[in-house]
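Make the full structure from the sequences, and use the hints.
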Amino acid sequence: MAINAPVEATAEAEFQVGSREWAPLLVRFARERPLGAIGAGLILLMGLVAALAPALATHEPLATDYAAMLAPPSARHWLGTDAHGRDVFSRLVFGSRTALLVGFGASVLGATLGAVLGVTSAYFAGRVDLLIQRVMDVFLSLPLIILALAVVVILGTGALNVILAIMIPMIPRCALVVRSSALAIREMPYVDAARAAGYGHGRIILRHMLPNVMAPYLIMLTAYLGQAILLEASLSFLGLGVSEPTAAWGLMLRGAAVQFAEAAPWMAIFPGLAISLAVFAFNLFGDSLRDALDPRLKTQ
Amino acid sequence: MVKYVLKRLLLMVPTLLGVVVLIFVLLRVVPGDVVEMRFVSGQNQFVDQKLLAAERAKLGLDKPMWQQFGDYLAGLVRLDLGRSMWTGAPITEEIKLRLALSLQLALMATLVATALAIPLGVLAALRQDTWVDYVVRVFSIAGLAMPSFWLGILIILGFLIVFRWLPPMVYTPFWVDPWQNLAQLTWPALAVGYRYSAVATRMTRSAMLEVLREDYIRTARAKGLWQKLILTRHALRNAMLPVLTVIALEFAFLLGGLVVTEQVFNLNGLGLLFVQAIAHRDYTLTQALVLIVAFTFIFVNFLVDLAFAWIDPRIRYR
Numbered sequence: 001m002a003i004n005a006p007v008e009a010t011a012e013a014e015f016q017v018g019s020r021e022w023a024p025l026l027v028r029f030a031r032e033r034p035l036g037a038i039g040a041g042l043i044l045l046m047g048l049v050a051a052l053a054p055a056l057a058t059h060e061p062l063a064t065d066y067a068a069m070l071a072p073p074s075a076r077h078w079l080g081t082d083a084h085g086r087d088v089f090s091r092l093v094f095g096s097r098t099a100l101l102v103g104f105g106a107s108v109l110g111a112t113l114g115a116v117l118g119v120t121s122a123y124f125a126g127r128v129d130l131l132i133q134r135v136m137d138v139f140l141s142l143p144l145i146i147l148a149l150a151v152v153v154i155l156g157t158g159a160l161n162v163i164l165a166i167m168i169p170m171i172p173r174c175a176l177v178v179r180s181s182a183l184a185i186r187e188m189p190y191v192d193a194a195r196a197a198g199y200g201h202g203r204i205i206l207r208h209m210l211p212n213v214m215a216p217y218l219i220m221l222t223a224y225l226g227q228a229i230l231l232e233a234s235l236s237f238l239g240l241g242v243s244e245p246t247a248a249w250g251l252m253l254r255g256a257a258v259q260f261a262e263a264a265p266w267m268a269i270f271p272g273l274a275i276s277l278a279v280f281a282f283n284l285f286g287d288s289l290r291d292a293l294d295p296r297l298k299t300q
Numbered sequence: 001m002v003k004y005v006l007k008r009l010l011l012m013v014p015t016l017l018g019v020v021v022l023i024f025v026l027l028r029v030v031p032g033d034v035v036e037m038r039f040v041s042g043q044n045q046f047v048d049q050k051l052l053a054a055e056r057a058k059l060g061l062d063k064p065m066w067q068q069f070g071d072y073l074a075g076l077v078r079l080d081l082g083r084s085m086w087t088g089a090p091i092t093e094e095i096k097l098r099l100a101l102s103l104q105l106a107l108m109a110t111l112v113a114t115a116l117a118i119p120l121g122v123l124a125a126l127r128q129d130t131w132v133d134y135v136v137r138v139f140s141i142a143g144l145a146m147p148s149f150w151l152g153i154l155i156i157l158g159f160l161i162v163f164r165w166l167p168p169m170v171y172t173p174f175w176v177d178p179w180q181n182l183a184q185l186t187w188p189a190l191a192v193g194y195r196y197s198a199v200a201t202r203m204t205r206s207a208m209l210e211v212l213r214e215d216y217i218r219t220a221r222a223k224g225l226w227q228k229l230i231l232t233r234h235a236l237r238n239a240m241l242p243v244l245t246v247i248a249l250e251f252a253f254l255l256g257g258l259v260v261t262e263q264v265f266n267l268n269g270l271g272l273l274f275v276q277a278i279a280h281r282d283y284t285l286t287q288a289l290v291l292i293v294a295f296t297f298i299f300v301n302f303l304v305d306l307a308f309a310w311i312d313p314r315i316r317y318r
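The listed protein sequences derive, respectively, from chains A and B.
Just so you know, we're using the working numbering here: the first sequence kicks off at 1 and counts up by one.
Just so you know, we're using the working numbering here: the second sequence kicks off at 1 and counts up by one.
Because the hints were derived from the structure by calculation, they are not lab data.
We put the CB at the ideal spot given by N, CA and C, even for glycine.
Check before you lean on any hint, since a few could be wrong.
As the list claims (entries may be wrong) - Listed next, the stretches of chain B that the computed footprint assigns to chain A, with coverage defined by at least 3 CB atoms under 8 Å from CB atoms of chain A:
#, stretch
1, 22-34
2, 132-141
3, 249-257
4, 263-276
5, 293-299
Structure below.
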């Protein structure tokens, strides 16, 4: 541990979040972590595709063409068509909007609420902490998908409800990690100083403690982004996520894609590739970010 | 040690109670109940309210909520899960075969995951920052990225196109026909196991990296100890604790968390049963399933803690 101490100090200085000089930092990140840079590049690309979807799509994503049902990939339909004659490529392009919206929506909301809860729990300590921890334990003892399923069945399908359903299991997981970081920050002199200055609990938690748990917050956020996209795809695949006719990758794999898998394998292959590539990109980036922000794992 | 075990066992009770309360309340907040689901369907909007009330009374749904909860809890204390509100069969009967299937699948997937994760993780750690490391990391991140239900679809598709063969779609218990059983369950186990190996691979890698930097490894090297011996006896043994924890906890989640894979492979496991139960608003069955899943997780957690305390006596006195 003693040997690692200087490494830790410099690493923290290098990658301190909120530092003003972003550009050189980004260059360093790209050079030292090529995998992470590839992930970031793919994420940017996906963002662009989602933003420019109407320009990129060759067809209307909802337009049916019953003359060309289950048509194989061709110059007209790049990735073929589905059982309703809808263009698979165009639906994939528009599906990226659903994936990004649900992914970012759920993870940002979940991680933020989790962080606030974790810091609050650490700040008040004692009975409040114990109570919050026990409630979190209850949520943590259920698999992500079971909890998400239960919430979706209660709220009904649709993008907003799916975001909520995916967000809820995220909260305790993020709270747990953030709390352990916040416990150390709680003892810092500046928190004492803020308390001595007579600031209220809310202000100390939000202004003094929350900004200092940015590293675990960002790690959890990026780690969960891929998971959220995957979870959305799973829910949609079960028919409990985003509902037809909205273009969503998980939904495209449902029903006909499996039924006609042999005759029209493009229906089953391409949406799955899109999901995998998106989650892959987020995981790659999240992994490298964690390595960069968590100096203990830094390679020497 | 006995005191520690008892304390930990006692600590499980409030969490389980929390799960019971959570799911009990959650289910009753949902619009619609099992009686409505059964009698009020699309074409049949106007049903005699008296009939509905009579059906509810039969199931005890007319009682106040606190009383229902009391009855349920009293049943739990006697280890009686009750009857399914949808089929009327005892829940233990409903769950028996599906639990066997889910348990077997979870075990097989864990086996696949462990067999992949430990060698790959060790290899990546030994060749850190070389192409070997990168290939292993990309392989494991890819496993994490591919939805296992999609991998399942691809496997089925591959068999269909290449061998014109489909895995059997009806579940045969292992003790009835082991061959038929494995022909069906091997593929989902591979699809799921690959995905779950990813986390364990990464854990093995980082744990090995950490251990390999310890002083006692350097000492062992300085002594001129055989590299293989250093690895197996000194490094791997110490790096295994976090890895085994991850594998054990993943296993606990596999039991109920394979909803989508079960759907693809047409397996009647606990996950699919859960979806059906919650769609039918079958309160008793849903409660029982959630309780089983949560109990497994908490109990495996308990076993992991116990193993740790047994290996490292310092933990007991925390």
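Tell me if chain A covers the stretch 249-257 of chain B under the three-residue, 8 Å CB rule, please?
holds (count 3)
Would you check chain A against the stretch 22-34 of chain B, counting CB to CB pairs closer than 8 Å, and say if three or more residues qualify?
Coverage by chain A holds here, the residue count being 5 at a Cβ distance below 8 Å.
Apply the coverage criterion to the stretch 263-276 of chain B and chain A: a residue qualifies when its Cβ sits closer than 8 Å to a Cβ of the chain, and three qualifying residues are needed.
holds (count 5)
Is the coverage entry for the stretch 132-141 of chain B by chain A consistent with the three-residue Cβ rule at 8 Å?
holds (count 4)
Checking C-beta pairs, does the stretch 293-299 of chain B have three or more residues closer than 8 Å to chain A?
holds (count 4)
In summary, the structure agrees with every hint in the numbered list given earlier.
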